[in-house]
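K.L.:
Fit chain B to the known structure of chain A by using the hints.
Heads up: the sequence lines are chains A and B, in that order. Take the first sequence: its position 425, counting from 1, is numbered 424 in numbering that gives the first Met the number 0, and each next residue is one higher. Take the second sequence: its position 144, counting from 1, is numbered 143 in numbering that gives the first Met the number 0, and each next residue is one higher.
Among the hints, a few may not be true.
[What the hints assert, rightly or not] Cross-link-like lysine-lysine pairs, in silico, DSSO-like; alpha carbons within 30 angstroms at most:
hint : chain 1 : residue 1 : chain 2 : residue 2
1    : A       : Lys167    : A       : Lys511
2    : B       : Lys34     : B       : Lys192
3    : B       : Lys51     : B       : Lys192
4    : B       : Lys258    : A       : Lys374
5    : A       : Lys374    : A       : Lys88
6    : A       : Lys511    : B       : Lys192
[As the list claims (entries may be wrong)] Listing some non-contacts, in silico: residues in chain B with all C-beta distances to chain A over 12 angstroms:
hint : residue
7    : Val3
8    : Ala28
9    : Lys34
10   : Gln40
11   : Tyr43
12   : Leu45
13   : Ile155
14   : His185
15   : Cys240
16   : Phe244
17   : Ser254
18   : Ala255
[Unchecked claim] Derived list of chain B stretches under chain A, where covered just means 3 residues or more per stretch with a C-beta under 8 angstroms from a C-beta of chain A:
hint : segment
19   : 48 to 60
20   : 69 to 81
21   : 84 to 94
22   : 135 to 144
23   : 277 to 284
Please keep in mind that the hints were generated in silico from the structure rather than gathered at the bench. By construction, the Cβ of each residue, glycine as well, lies at the ideal position given by its N, Cα and C atoms.
Chain residues, written in single-letter form:
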Amino acid sequence: MNLIPVLIAWPLLAAIVVPCIRDKRARGVAVYVGAGGVMTLALGLLAVWLAGGKRDVLLYPETEILDTAMLVGEVLLMGLIVFLCVRHKKYPVILLSVGQTALLLWAELTRPDFTLVDFAAQIFGPLVDMNTELMQPHMRVDCLAMLMVIIVAVVGGLICIYAVGYMKAYHHHHADVQDRSGFFFSMLFLFLAAMLGLVLSESLTWMYFFWEITSVISFLLIGYTRTEEAVRNSFRALWINLLGGCGFAVAIAVASRTVGTTQLSDLVNLSVWLTQNQPALAAVTVVPIAMLAFAGLTKSAQLPFSSWLLGAMVAPTPSSALLHSATMVKAGVYLLIRLAPALAGTMTGNMVAFIGGFTFIAASMMAIAQNDGKKVLAFSTISNLGLIVACAGIGDEETIWAAVLLMIFHSVSKSMLFQAVGSVENSLGSRDIESMHGLLLRLPKLTYIMGIGIAGMYLAPFGMLISKWVALKSFIDADNYLLVIFLAFGSATTMFYWTKWLSKLVSLHHTKEEVHDVTRRDQYVSMSIHAAATLLLCLLFPLVSQGVVDPIITQLFGESYQVLSMGVLTTMAVMLVSVLFVPTLMFLLTRSAHQNYVPIYMGGVNEGDNTYFVNSFGEPEHLYLSNWYLRFEFGMRRLMRPAVYISAGVLVVMLCLIVGGAL
Amino acid sequence: MQAVSVILYLILAPFAGALLDGVSRIVSARMQGRKGPPLLQPFYDLLKLFQKQMIAVNSVQMLLNLSYLVFLAIAGSMLFAGADILMCLFILSTADMFLIMAASSDSSPFSSLGASREMMQIMAYEPLTLLLSVGFYLTTGSFHVGDIISRPVSAIVFMPGFLIGFFVITAIKLRKSPFDLSTSHHAHQELVKGLTTEMAGPTFGIMNVAEYYEMILMLGIVALFFLNENWWSWPLAIVMCLLVFFLEILWDNVSARVKWRTMLDSCWIVTLLSAGLNGLILMLIQ
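One chain only, chain A, in its complex shape (with noise of 0.2 angstroms):
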């Protein structure tokens, strides 16, 4: 366990040592060695916990010193986004990260001296051994934080590794652009380190700190290319993450203060014991934990918060992926998943449930009528958190266990549809989805594994579709028929948009552009390890869920649970061998078939290409295909506002509710 340290430190020192560097192949060494240095730190971790017998393993109860170096590091976050507040003349921001540090530094330099041990002694009076010394470990290794290392550390350091080729590719197309990429491959290894540090916290004031440079640093990502438009984007990412980091900062105030405790767990525990043996005095455990809940929904970009996940577009695509599949918009759904136990069956529960289902429908509509490539997996990263949110709050064992494999398929399949489109980007100058018409043909290998990654998303019997499966029943089973009624429609809006992607690409069709593959090496070694891991993901499905998602739901609920039964599995190996198999069958046996190839019918006469067609004035016409958009219907500027409206209302009256019912 001393690997975690290093582990933290590591990408912290990549991030320090990376932009010194002048020459751009040795910047690009130095990277590979970084991003390799996190994957093999991570592995490590995870062989020493497996062969200390996968415990839950809490750490560091003392650590004065570093709780005040924290203290000093959030005033200076502070201190930097008010400086480039009033620099870009943002002032309203300010105030919300002044309140918010303010708060903290109050709540933590003025804490009483009361631990949860008095707490326990206001309920069960003096006959608590007072002495008991509480233990208060601030970080924890378990399963959940272990899988969340290797999703962060190996997808993650992935991105990093693509983004060497990107950023040089990226820089040739956008001549406009300063090219600061030594300042941007520093703060994707400074992303892993506050997103390892995240996962791995068990003290809530760690946990807020690592909360606090996460949303920095996406703020500094997203404004990369310092346009107007990159600008005013990354600031509204920065006052809405700030407005969640307010909610956090709430949490530890009060928490501290009511109940005599900063650490997650004992805060969830106690309320799930409260709530089952002292429902009278379980009020003292809502407001914090629902203020976290509107933490984690703030920074998974639920509605009606979406609108800075949507700006981040902006920014190169390698922070696109990381924030969208293994880092940010995960850290909000691993802190709802942490609070699930507790979130089973209240209010706050009944809340996060509506907004994540609520997102999952509204979603993927919106995505329908995208055109571009990077604003479609977008609204699908949205969509696909709403439903992890909803399965958190449920918050059961059947809802969780769907929301860690979704998570796990989620970040695998979202990262390499990102490096794809970024790398399609860089070959056609567009990542527009009408201008992939027939990618198969001209762009073959990067269309498979954009293909790979959209039968991940939705086909059967990939993970995403069986995780769908489990939280259908389970949200039937938890008689939330609304949720219900989300999944049902949302599950055939998210097919429509895939599915005409899809179809897009594999279009055969021919056209005289010429296009060259401008794809590096490492981006290629990047996404085929995704590709094969969505695949393994896919095919190891049942140890998968065995393996690593049955000893969560034990760890979280305290009991194990068998979510898939025997004839369940049978049928879903059914289904596997059956989708890879027939398609290769039939490729097989129409090989050897002799066909005449004719030419398309295109109404006019064909001029024998398949691409140009006579026309009525008796010229060559070009064939031009275009996808259904429905911007009428599902537009952004149709559905956006009454979907925040709505999602908005929904929040504000249930947590006045929620809090004005704990006063």
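P.N.:
Just chain B now, with coordinates in the frame of chain A:
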């Protein structure tokens, strides 16, 4: 028992489907005041299609069409094996993906338009299929077809709304008016032959056989509403399937094709009103 019913489905479904197709052509013709083709005309058509020369516009169409056929057969087998109905419906939509890919791969204007409309049709009917399995789960406590049909009372008693909704979307799946947007059995067409424009000879034959499998699968789901542990529910289910099929033909002949917007709106509204309300009631009385 399961194996027998799966094998029977795999062997008999195309014949039963073609026979029903023949009946539907005759019934349609009578409704229009015509005599109609012989009962076995679909068989003659298929025979002819498979004897034709193999012509194609690209190399993958045949393989995607074959995959469509095999996946429909797997989906149907799952239903007839008494397996999980939700998984069966998931496979059904995966099968449809292959048909859409086959049509899109041609990059031809008419078949691409047909493929887009097919996606729209899936989006219109999919919520109901998911809710349908939810309905069966709420009624019988299981997603398993084997459990659903061995209850003392038929599911229809608890879920009449779902049957109404299912009747509407069956029109989409059987490519009947008013929802035959992507391709149609009727001669009047605005999209030439839509989805199937570029399919010829054996490729088109395979597509037809696949549709027969799908037809029997849909009627099998209708039967699920009526089957229970008593023997007399089986003839009742068959009669009800035939009745539903007849009503589909009737609806096909009395209505004109609608625009996609009308189809989407009406299907979603019907889904919400019939299946949505029925499911809500089921959940409340539980």
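K.L.:
Take the hints in turn and mark each one as holding or not.
P.N.:
Each hint, compared with the structure:
Note on A/Lys167 and A/Lys511: the hinted pairing holds, with a Cα-Cα distance of about 27 angstroms set against a maximum of 30 angstroms. Restraint check for B/Lys34 and B/Lys192: satisfied, since their Cα atoms lie roughly 24 angstroms apart, inside the 30 angstroms limit. For the hint linking B/Lys51 to B/Lys192, the alpha-carbon distance of about 19 angstroms falls within 30 angstroms, and the restraint holds. Only pairs whose Cα atoms come within 30 angstroms are accepted, and B/Lys258 paired with A/Lys374 is accepted, the gap being roughly 28 angstroms.
A hinted pair counts as satisfied when its Cα atoms are at most 30 angstroms apart, and A/Lys374 with A/Lys88 qualifies at roughly 28 angstroms. Between A/Lys511 and B/Lys192 the alpha-carbon distance is near 29 angstroms, which keeps this suggested pair within the 30 angstroms criterion. No Cβ of chain A comes within 12 angstroms of the Cβ of B/Val3; the nearest lies about 18 angstroms off, and the non-interface call holds. Taking the minimum C-beta to C-beta distance to chain A, about 28 angstroms, the non-interface status of B/Ala28 holds against the 12 angstroms cut.
Annotated as non-interface, B/Lys34 keeps its C-beta farther than 12 angstroms from every C-beta of chain A; the closest such distance is 32 angstroms. Taking the minimum C-beta to C-beta distance to chain A, about 25 angstroms, the non-interface status of B/Gln40 holds against the 12 angstroms cut. Listed as a non-interface residue, B/Tyr43 keeps its Cβ farther than 12 angstroms from every Cβ of chain A; the least gap is roughly 24 angstroms. No beta-carbon of chain A comes within 12 angstroms of the beta-carbon of B/Leu45; the shortest separation is about 18 angstroms.
Distance check for B/Ile155 against chain A: the nearest CB is about 20 angstroms away, which clears 12 angstroms, and the non-interface claim stands. No beta-carbon of chain A is positioned within 12 angstroms of the beta-carbon of B/His185; the least distance is around 19 angstroms. Every beta carbon of chain A lies more than 12 angstroms from that of B/Cys240, the smallest distance being close to 25 angstroms; the non-interface claim holds. The Cβ of B/Phe244 sits about 25 angstroms from the closest Cβ of chain A, beyond the 12 angstroms cut-off, so the non-interface label holds.
A cut-off of 12 angstroms between C-beta atoms confirms that B/Ser254 is not in contact with chain A; the least separation is 23 angstroms. With a least beta-carbon separation of about 22 angstroms from chain A, B/Ala255 lies farther than 12 angstroms from that chain, consistent with its non-interface assignment. Residues of the segment 48 to 60 of chain B with a Cβ under 8 angstroms from some Cβ of chain A number 8, which satisfies the need for three, so the listed coverage holds. Restraint check on the segment 69 to 81 of chain B versus chain A: 4 residues with Cβ-Cβ distances below 8 angstroms, three needed, restraint holds.
Against chain A, the segment 84 to 94 of chain B contributes 6 residues with a C-beta closer than 8 angstroms to a partner C-beta. That satisfies the three-residue criterion, and the hint holds. Counting residues of the segment 135 to 144 of chain B whose beta-carbon sits less than 8 angstroms from any beta-carbon of chain A gives 4, enough to reach three: the coverage restraint holds. Proximity of the segment 277 to 284 of chain B to chain A, defined as three or more residues with a beta carbon under 8 angstroms from a beta carbon of that chain, is established by the 3 residues found.
Checked against the numbered hints given earlier, the structure satisfies every one of them.
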